[in-house]
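Chains A and B supply the protein sequences, listed in that same order.
Take 0 as the starting number for the first sequence in numbering that gives the first Met the number 0 and just add one per residue.
Take 0 as the starting number for the second sequence in numbering that gives the first Met the number 0 and just add one per residue.
Calculated directly from the structure, the hints in this document are not laboratory data.
Mixed in with the good hints, there may be bad ones.
With a cut-off of at most 30 Å between alpha-carbon atoms, the simulated DSS-like pairs for lysine-lysine come out as follows [what the hints assert, rightly or not]:
(1) A/Lys-193 - B/Lys-193
(2) A/Lys-193 - B/Lys-128
(3) A/Lys-188 - B/Lys-193
(4) B/Lys-193 - A/Lys-134
(5) A/Lys-211 - B/Lys-211
If you want the building blocks of each chain, they are given just below.
Protein chains: 2
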Amino acid sequence: MNKVTIHAPATIANLVCGFDILGLALEAPYDIMEMRLKEEPGITLSSSAAYDLPTNPEDNVAGASLLALMEAYGKPIGFHVHIDKQIKPGSGLGSSAASSAGAVVGANHLLGNIFSKEDLVRFAMNGEKVASGVKHADNITPCIYGGVTLIRSIFPLDIVPLAAPPLYVTVVHPQIEVKTSDARQILRKEVLLKDAIKQWGNIAGLVSGFLKNDYGLIGRSLEDVIIEPVRSILIPGFDEVKQHCKDAGALGGGISGSGPSIFMLSEQASTAQKVEAIMKQVYERLGIDYRTYVTTIGSAGVRVEPMC
Amino acid sequence: MNKVTIHAPATIANLVCGFDILGLALEAPYDIMEMRLKEEPGITLSSSAAYDLPTNPEDNVAGASLLALMEAYGKPIGFHVHIDKQIKPGSGLGSSAASSAGAVVGANHLLGNIFSKEDLVRFAMNGEKVASGVKHADNITPCIYGGVTLIRSIFPLDIVPLAAPPLYVTVVHPQIEVKTSDARQILRKEVLLKDAIKQWGNIAGLVSGFLKNDYGLIGRSLEDVIIEPVRSILIPGFDEVKQHCKDAGALGGGISGSGPSIFMLSEQASTAQKVEAIMKQVYERLGIDYRTYVTTIGSAGVRVEPMC
Numbered sequence: 000m001n002k003v004t005i006h007a008p009a010t011i012a013n014l015v016c017g018f019d020i021l022g023l024a025l026e027a028p029y030d031i032m033e034m035r036l037k038e039e040p041g042i043t044l045s046s047s048a049a050y051d052l053p054t055n056p057e058d059n060v061a062g063a064s065l066l067a068l069m070e071a072y073g074k075p076i077g078f079h080v081h082i083d084k085q086i087k088p089g090s091g092l093g094s095s096a097a098s099s100a101g102a103v104v105g106a107n108h109l110l111g112n113i114f115s116k117e118d119l120v121r122f123a124m125n126g127e128k129v130a131s132g133v134k135h136a137d138n139i140t141p142c143i144y145g146g147v148t149l150i151r152s153i154f155p156l157d158i159v160p161l162a163a164p165p166l167y168v169t170v171v172h173p174q175i176e177v178k179t180s181d182a183r184q185i186l187r188k189e190v191l192l193k194d195a196i197k198q199w200g201n202i203a204g205l206v207s208g209f210l211k212n213d214y215g216l217i218g219r220s221l222e223d224v225i226i227e228p229v230r231s232i233l234i235p236g237f238d239e240v241k242q243h244c245k246d247a248g249a250l251g252g253g254i255s256g257s258g259p260s261i262f263m264l265s266e267q268a269s270t271a272q273k274v275e276a277i278m279k280q281v282y283e284r285l286g287i288d289y290r291t292y293v294t295t296i297g298s299a300g301v302r303v304e305p306m307c
Numbered sequence: 000m001n002k003v004t005i006h007a008p009a010t011i012a013n014l015v016c017g018f019d020i021l022g023l024a025l026e027a028p029y030d031i032m033e034m035r036l037k038e039e040p041g042i043t044l045s046s047s048a049a050y051d052l053p054t055n056p057e058d059n060v061a062g063a064s065l066l067a068l069m070e071a072y073g074k075p076i077g078f079h080v081h082i083d084k085q086i087k088p089g090s091g092l093g094s095s096a097a098s099s100a101g102a103v104v105g106a107n108h109l110l111g112n113i114f115s116k117e118d119l120v121r122f123a124m125n126g127e128k129v130a131s132g133v134k135h136a137d138n139i140t141p142c143i144y145g146g147v148t149l150i151r152s153i154f155p156l157d158i159v160p161l162a163a164p165p166l167y168v169t170v171v172h173p174q175i176e177v178k179t180s181d182a183r184q185i186l187r188k189e190v191l192l193k194d195a196i197k198q199w200g201n202i203a204g205l206v207s208g209f210l211k212n213d214y215g216l217i218g219r220s221l222e223d224v225i226i227e228p229v230r231s232i233l234i235p236g237f238d239e240v241k242q243h244c245k246d247a248g249a250l251g252g253g254i255s256g257s258g259p260s261i262f263m264l265s266e267q268a269s270t271a272q273k274v275e276a277i278m279k280q281v282y283e284r285l286g287i288d289y290r291t292y293v294t295t296i297g298s299a300g301v302r303v304e305p306m307c
């Protein structure tokens, strides 16, 4: 096989109280990529009309990730990658991570799966460096592993996949710009110990809730007393969306990544639909363009299919 | 039945990275208490010769806990409690919690187990208030529930029992005084966000390690970058004990409660024994009196047996 189709899903990083450590993969939306081995060594890139992605491999997140993989591979090899981007850059839904992760998972498939998932995370972190200047793994990890993932430590990298019960995820992406750098800068460098204690109680509760299939505990633990109070200021309608969605039965939720997308988790599909309706109402009233998704946690992460 | 014998075990609060939220019960040491219903309403208290405990119920941790239980019970009732204290007060091993928890679990048994474990925690928190001025539940909760427990939130009280794989616990109690109030005061009110993130990665890892029976992950997560660097200064020999025990194969450990006891967790009994030998060596050399225990996590917590 020398040609594959790749579905590289959107991801939610900074999962409420799990700032910088917890993320999950969504079932949808996902980027569609096509990838093939080619005779001449090196990387060529193309993309669908919707987004004008860089074609120089060093400047392209998928390209930079593949370069890292090719260096580890050691022998001369060539890939062509075509990216049909469906996850809007700047949405807070891991658009760059999808391209980075998709490219290395696809390449690994074409090479006979010689690299581990952890290797692939390391390669794809080079794509995140191109996108944001930082080698973070918050989105790449759930994208590659699927499901809910914990990054206990980034240096050294320590990834813990967490089983979780079925959950519906409703996402609204208000079409405003929140720069990751602004979202970083707005955070205080120091936090109150008493808030930190509350936060780690909630993180411990959320992880327990996932592993014990305890929806009530998950709901009670979906509280962020440190990051959200600061960052939510950058997202019009945030408090209203969150409160109304919880009133409608959602377990809880928060800012996806560094925003502006907001997500809510629900136990039932019907609740997830109600939550979508609430999100639409809020942004209709505010006169802000938006896009919504009703989906589930994507247990598989990046999916690869052989192409004829 | 109107008479019971109670074994109320020592507990470890502030479980390394789980400051204020994670604790565990030990199999030993434990206080031995005898308790009986008596005709006259009210509480009478006696204790063995080793420690001179207050006999006025309001001033005694077991008495104060029982008073809270009796208020909830509503009808006139009388208890006599005899306490044979085996857990040294001021050891950092939950001595006061053992008396408080033991008394309410015993009383509940004599009354036909009409109260829930959570009720009992609430009653026993009144004992902790007498002991330290604060209604904390860090030691009471594992003492009553057994095993490893998470207190996600104290107000409102949200207790999560956590399953954990078998673990050996080695404890050394250097016979020095560390006042809980000093150990509190020495802490900074603010912490660096980057340290807090490291801490909650470790907490999430530790909880996952317990629930997934992953000894390696437990070991990697037993790291406290916030409290221990400050409090360990109050405990001579701490760094040496910890480093040498880890070199000998212990998974990790730290300060028990607010000290001065130090504990280490091990997967194997033989490692736990080696760890004890190391602890002894260090305090022999330092010329500080000490007491050691090699035990396991106590899965049952307070145990009650009918007495003839």
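Taking the hints in turn, this is what the structure says about them:
A threshold of 30 Å between alpha carbons decides the hint, and for A/Lys-193 with B/Lys-193 the separation of about 16 Å falls inside it, so the pair holds. Among the hinted pairs, A/Lys-193 with B/Lys-128 is consistent with the structure: their alpha-carbon atoms are about 19 Å apart, no more than 30 Å. Among the hinted pairs, A/Lys-188 with B/Lys-193 is consistent with the structure: their alpha-carbon atoms are about 8 Å apart, no more than 30 Å. Our distance criterion of 30 Å between C-alpha atoms is met by B/Lys-193 and A/Lys-134, whose separation comes to about 16 Å.
For the proposed pair A/Lys-211 and B/Lys-211, the alpha carbon gap of about 10 Å is at most 30 Å, so the pair holds.
Checked against the numbered hints given earlier, the structure satisfies every one of them.
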